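Input sequences plus hints: build the corresponding full structure.
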Amino acid sequence: MCDLELSGIRKQYDGVARPVIPDLDLVIPAHKMVVLVGPSGCGKSTTLRMVAGLEEPTAGKILIDGRDVTHLPPAERDIAMVFQSYALYPHMTVFENMAFGLRIKHLPEAEIRRRVEATADSLGLRPYLERRPKALSGGQKQRVAIGRAVVRQPKVFLFDEPLSNLDAKLRGDMRREIARIHRELNATAMYVTHDQIEAMTLADQIVVLKDGVVQQIGTPIDIYEKPANRFVAGFFGTPSMNFLEADLTQGAGSASARGNGFEIPVPIANVPSLRPAAAAVDRVVVGIRPERLSLAKTGDDVPLRGEVAMREVLGAEVVLHVESAAGPLTVRTDAGAAPRPGDTVQVWLDPKSIHLFDRASEERL
Amino acid sequence: MCDLELSGIRKQYDGVARPVIPDLDLVIPAHKMVVLVGPSGCGKSTTLRMVAGLEEPTAGKILIDGRDVTHLPPAERDIAMVFQSYALYPHMTVFENMAFGLRIKHLPEAEIRRRVEATADSLGLRPYLERRPKALSGGQKQRVAIGRAVVRQPKVFLFDEPLSNLDAKLRGDMRREIARIHRELNATAMYVTHDQIEAMTLADQIVVLKDGVVQQIGTPIDIYEKPANRFVAGFFGTPSMNFLEADLTQGAGSASARGNGFEIPVPIANVPSLRPAAAAVDRVVVGIRPERLSLAKTGDDVPLRGEVAMREVLGAEVVLHVESAAGPLTVRTDAGAAPRPGDTVQVWLDPKSIHLFDRASEERL
Amino acid sequence: SEPKGVVLWHAYNGDERVALEATATAWNTAHPDQPVTLVAVPYDAFADKLSSAIPRGNGPDLFIYPQDRIGDWAAAGVIEPLEFWVDDARADRFTEQSLGAMAYHGSLWGLPMTVKSLVLYYRSDLAPEPPKTTADLLALAGKLRDRHVFAVAYPSPDLYAHAMWLHGFGGRVMDDDGALTIATPQATQAMTFARSLVAQGVAPEDAQGPLIASMFNDGRAATVVSGPWFIPDIGRNVPWHVTTLPIVSETGKPAAPFVTAEGILMSARAKDKDAAFAVMDFLSGDASAVVRAKAGHQVVPNIHAYDDKELAGDPTVAVFRAQLQHVVPMPNDPNMRRVWTPYRTALGEVLAGRDDPGASLNALQREIEKYTDKK
Amino acid sequence: MSESSYTRVPVLGRQLRDFMFAGVLALVIASAAFVGVRNRELAARQIDLATRSADAVADGRDALPTVHAAIVSEPRISTKHSYLRRRTIREGGKTRVLGAEPHVADDKLFYDAANRAQQGATIAEMLPDGSGRALVAHKAPGGIAIAITAPAAPAPYPFLVFIGVLGLGASLVAAGALVGRNAQRLGTLAGIATLAVPTLLWQSWVAASLILALAFVVAAMQHIGVSDRFARGLVTHRVALSFLSPAAVAMSVLVAAPFVIGLLLGFYDHHQGTWTFVGLDNFTRILSGNGHSLDDPLNFWFILGVTVLWTVANIALHVTVGVSLALLLSRKWLRGKGIFRMLLILPWAIPNYITALMWKGMFQGQYGAVNSLLHAVGLGDVSWFGSWATAFSANVITNTWLGFPFMMVVALGALETIPKELYEAASVDGASAWQRFRHITLPHLRPALGPAVALGSIWTFNMFNVIFLVSGGKPGDSTNILVTDAYRWAFERGDRYGMAAAEGTIIFLILLLWTVFGTRVVRSKEPA
Amino acid sequence: MKRRAFNVRHALVHAALIVLVAVVLYPVMLVCKKAFEPGHATSLGGSPLPEHVTTQHFRDLFGARGPHGELLFLRQAANSIIIALATTVVGVVISCTAAYALSRLRFPGRKAGLTTFLVVQMFPATLLMLPLYVILDKLGLLNSMVGLVLVYSTTAIPFCVWTLKGYFDSLPRELEEAARIDGASPWMIFRRIILPLARPGIAVTALFSFMTAWNEFIMASTFMTDESKYTLPVLIQSSVGQFSADWGLFAAGAVVTSIPVMVAFYVLQRSLVGGLTAGAVKG
Ligand SMILES: Nc1ncnc2c1ncn2[C@@H]1O[C@H](COP(=O)(O)OP(=O)(O)OP(=O)(O)O)[C@@H](O)[C@H]1O
Ligand SMILES: Nc1ncnc2c1ncn2[C@@H]1O[C@H](COP(=O)(O)OP(=O)(O)OP(=O)(O)O)[C@@H](O)[C@H]1O
Ligand SMILES: [Mg+2]
Ligand SMILES: [Mg+2]
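Residue numbers (my numbering), protein chains in the order written: chain A, -18 to 346; chain B, -18 to 346; chain C, 1384 to 1758; chain D, 442 to 969; chain E, 1063 to 1345.
Hints were generated in silico from the structure; no laboratory data involved. Note that this is a predicted model, so its numbers are computed, not measured. Every residue, glycine too, gets a C-beta built ideally from N, C-alpha and C. Watch out, some of these pointers could steer you wrong.
Here are the computed distance ranges between Cβ atoms for each label pair [claimed, not checked]: (1) A1582/C with V1115/E: 57 to 65 Å; (2) R107/B with R1168/E: 26 to 34 Å; (3) T677/D with A1084/E: 56 to 64 Å; (4) D(-5)/A with E165/B: 24 to 32 Å.
Shown next, in the form of structure tokens:
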């Protein structure tokens, strides 16, 4: 058992007027991996640092296993952390960097060597064990930082963008490695990343932060398929969701959203929170992911007309930036038959995959 | 005119036996953006640092605009660089960090302020102009590092993983911003990244490095569609290409690759380098990208049987890891009807999208 | 761990130290139960060390020091009066002058070990006939001027050296009651004379110890006014001799330097005062004095020491003893210590020609009186 | 460290903690009281004994047993030596010469006492040797009557009493703690007050009231929670405390304490071993120039001016020379770096006493090396100590020579902490070598150079040796600085330590002002 | 980095340095000259080379014997070395801990403490000898090497503390944070992370502490009352008497005492290396 709870956490840095984190409540169930995502500067690292005990919260409590650790030093929390900035010991070799935490625990030297070497192998660091950090490449340093954390086998892991400097292939391997270690150690983990694949594949739960405020907590699928508000919808998913302003007209048992140059029937079943007997017209934002737009009709889709402004080839796929009457649209489609910039296209939109947000509150309807 | 040429560059660090870069020749045409990719530790940063003048090559010459700059100090090369480790001036505010290069050029203070503020706006750094780097988040620091480089408007840009610590949305914005600046300044640029989207969308040319050796130089599409060897094929593209060992049997005007549990007809037209009158049997590796595998027959596809070992949901898509007789297969497919782990599936493979590599030399056939 | 026996501090080095140690060894052989331990202390730190150590009981039982601090230490109760032990018989061993230097405020505070005064050293190659009078000196200077050789080198701005002229012109620093007599016509005359020596190139303007020695050794000065400590500084091949200081031609009086007596004094906090006295009595006694005179080249104030044939026949010693006929004891009044530095400053200014002797001395007297104890 | 861990501290423990703290203080007070009372009593008893004996022998009666008393004669002054005199002692009917050999142990005491009592005053005192003997002497018919008692041992230290009282107090505190609430404070109050009981018995009212006051203060502190807060502070910052305490203890005993004494001495006048409180006299005397006009080199303000010039000139030179050399000597490509560095610290390594004298010799008018050099390049002789400007320069040159290696070493060390990356970034930004120095090196040197400059200016301000040995104040006293002046107060103007200390205090205040600005510069670099 | 065969600028710099060193060393040469020249007094003239060479002064120096016939030089050199090394160790250890606390830990009175270290230096030391003497006397530390070591260390502490604090401030905080997460105690962080990285600072302060103790003679000759406890500078200073001095002996002593300092510095300067924190953190 090792759950982690943040309650009423507030953090304000000296000399900065606005608190970075105004009031954060978060429970991370034991043995789960929670991924924190959010825009740059939203307070992810700060949260991790408070859990680690490196920053004292201005207010609020942090509990590990139900024990109040708010004022405990990091050493008494049994935590390992991968720093966003690595923070390698520059005067120690890679081996010593990884062994340091184990030496402190007075493990036998043989055991230390065994564990460090095993970890180094799994991170592809074997050839560099005797090097100092300054003779490593960026990605190698980052792997040492990961190694130093995982070799310690603590009950709580904190990862702050641990894979950001690795190439895609290595990142995939490392991701699976981290997942494996997490599973094997049965540890609780918080993981900050900007990589959607990491977030989707690693997370038991994803927490979306904005300006230190939780926007949504949920499973990856939830976050992707039922974003709680326009921010989450737009933040999560690459390329990000298209938003079209529209007016929602509700009839008996049916509704439709009408915007500049389009009208979409809204399947009421999909929008449980629609007020049954509301005013005739609601100002909404219709959201639709680029991958749900297509250049051909496949069902009872609705077409939008526009001109291709830009075409980005991503390999098997192409992202088209289309200027339509309703606003700019991003369409993700197969590389095969994609039109060129300047072409006029019809973009088809499947009413079943739209998301509706209140235009004022930006909350999901 | 401002082209950049590396010729016969060799780089060996003191105390390391093997040279990091054994012999590198590279020409970067003026006003182009060249993206360097390669696995962690392959020598990308080293190359950039040599171009910047921060490391002297052990051998070889660097020419900018035809002028030999190999031994010139960085200040005389009119280069701007985003360091992988940021290297912000800790004793200066964000504003001063960005203004430093301009002050050095003795630009009028008003002009400096205008340019710094414009850059800060485009990077979303306006609120932080008066902060010191240590009070910034990782992503903010990275943006300052970018800002410091672009505000100077040099003739050559060097970017070392400039967007690695930014969230996807910001990364997209920044990427477009960098493309815009590059276009506007008409500068020559080298760009290191691990992000396939960045590489594909920004690059005029992509250079794939491995252990300091160029594996392939080409346009993004070339690299993606015609990888020069197995390494490039496997390295570029996420998830990476599937490789199946097979024996190539060549008949008259037709050929087929037969592996463990499959046999694929090879369209000879696709493989121009096939030796016309070779031995009857060639040992090859068949490569196929995960997105080219499907769970349903769509044309004259060939089926492989396997069991789903893992299922990774990435939002609209799912990556299936399938164990087949031919080896492990990664299949990228729609989230909709994807099978669960344990299910037995038939994976269909389109012979037109396969890549063939010589099993010994790993070169593309 | 308190050392057994009697502890004596001194600031001697070189031959003086060797001689002193020899006499101490002689005592220790005879009195193994009451040995004397010698501790050498650098001169620079000596006085302050004594002033701080003795009142706190950390000091020595005995120490050797020139007379000039006796007034201070007696007043502050740092040193022990000796009349209890010293009777006329003991006192009569020393020249009256040297013993008098150890007396202050009606008590005796030390037993004299050596007296030091300035004499005239000369190079027979440059000054075949040593100057007997100041007129001779000026004449000598006339002969040497072309060769860029000074007739006499001495630390001219130092009151200690200048005092020979002062006294030769009939002046004093302080009268017998301790009252300052700095600004007097005689003093003005003496200063004017000293200035003329410098102005006429007879003597260098500002020569300090090491420089004087090298001038003498390198043949840049025909004569030098210095004390017995000068002998070891003289180069090996220099044809040197000593004689008494010249007579001041203007007054007909001999130039009379200060004489300092170094005495052995007892700490007021000595552990065993009787034993300490026995040691000092021995070390200042005639037998020890002969040793110090021979091995340490000291001019000892013990009358009977010169019964020793070798000492009596030593021409250099004879000169020093002869000079002792024309000396002025350096006052041991505490006020004397207020005089040195300002006097040197004033004298330096006059010698450099920046100040007028009369005015300068008047200002000097006023200045020093500010700091002196009102009696 | 957390609030909760303190509320869990048992009340009893907290009470006893406060009691222990107060108990230690109280014991110190009580012991001092005990020693004082004991010595006073002993002295009174012994002196009384001696007085009665002295009176007895003066009247021709026998002294009390255990007391050594006798009549010492008037002195007989030697005819030849006015400072020698003999006395005789009449004892047990016999008369003998004092000081003749052999003599008995007390003879010297009798002789000295007689000398002192000669002036007419009665002496009644304990002998300063700590033996517990008393001496009384006064004039009597036929000479001076003197009595010396036998030694007396003082009463032993009452350990048992103290232990008992401590135990009693502790139980009172414990009782209060167990009863709870208001009884806690009462317990503390009563417990500590118990410690005053022995002092009451010794009738040491001051000590008793001090202890009682302590009891009230501690109880009050406990009541408003100050003692808890204090204790918590100690625990919270225990790491800081333990890291800092060795330095703090050593500094406060060996540096701060003499410093405070030095400050206090400025309010006293010293004359022949005695100190008299004179208030601000010393200060006014110094600040008013002691009767010298402003352009007189003995005027305080004149000297201050010279001192400030001296300090500024030196520090500027030390830093420029030191930093420039350090920059040179930290070049990567420099060969023989170690040798150069080693040779260049020689001026610091050789005792400056002799090198200062060498410099003085080099500046000597006729034969000095500097003038020979000037000659060689066709310049005339300079009488270095003949004018203020040249004498001052000679001092500054010497001190710069002596002082630059220190700055150089400091700068050498500081240069190495500057991350290479910053230079890389700056050169990519197009900065020239000078601009890199100006914008990267200098700001990063500041944290190390700042203290060195602050302390260096303090040392230079108080640099005694060089001035003393090189120019010696010449010409006139015009190149003296404040310390040399203070030194003269202390050693050349009649041991006026009070004046010297007052001048020291003024120096201190000036430096304090200076560093208030100086440290501002240093501090601005410190991370918040 | 590739070294280029010949670089005019570098050669010029070397030449300039050599000239500069020669100028700086001129007075030192004069001292050496005196040390090797016969006689007590210095000779005139600017030549730094002696006309006659003798090792007499060195023989006098090494051969000086105390009242009991013991070799003073050996004894006092040993004392000096012990005292200087002890001062260095005590001074550096005490200052390191204090500087660490002042640099990294936040506690009330921190700034005041820092200022105090400076402030107490401002009273002219010459005038504090007497109070210091009294205090040492009360503590029973007079005439003891321990006392001298303590006095020297405390003299050195303010500079050491301030300097070391500067160095500690320059170390990235993240390193300590990483160590704290790794479970290291404050002491261990201090010893295993901070100290190795502050090596240049420690070298500088060590040299300074060493020098404080090594060349000092006023306190040594005032506080020590036993010739067997004197330090070398006291022995050397003894060659200066009231009226005259044996400059040859003094110079020989000065030359001899400066040698260990140079050796110490030569050893220490190897710690004056840069880039200790390179590669530690990003940003
Ligand atoms: N100063 C150095 N001394 C020795 N080896 C070094 C040094 N710097 C880098 N290396 C080695 O050189 C190789 C290339 O390093 P480089 O930094 O160029 O890699 P990179 O391609 O930028 O990798 P990454 O993507 O991880 O940043 C690495 O194996 C690294 O360990
Ligand atoms: N020491 C500090 N003092 C003041 N403000 C700070 C400090 N550290 C961080 N901040 C601010 O707090 C906010 C949150 O910082 P934090 O490092 O937690 O962001 P983050 O979510 O980790 O961002 P990133 O993805 O860029 O790393 C940022 O706006 C940052 O500028
Ligand atoms: Mg962060
Ligand atoms: Mg790199």
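Hints and how they fare:
Between A1582/C and V1115/E the CB atoms are about 40 Å apart, so this pair departs from the stated range of 57 to 65 Å. In this structure the hint that R107/B and R1168/E lie 26 to 34 Å apart at CB holds, the actual value being about 31 Å. In this structure, T677/D and A1084/E meet the distance hint of 56 to 64 Å, their C-beta atoms being roughly 58 Å apart. Taken as a hint, the range 24 to 32 Å is violated for the pair D(-5)/A and E165/B, whose Cβ atoms sit roughly 40 Å apart.
In summary, the numbered hints that this structure violates are 1 and 4.
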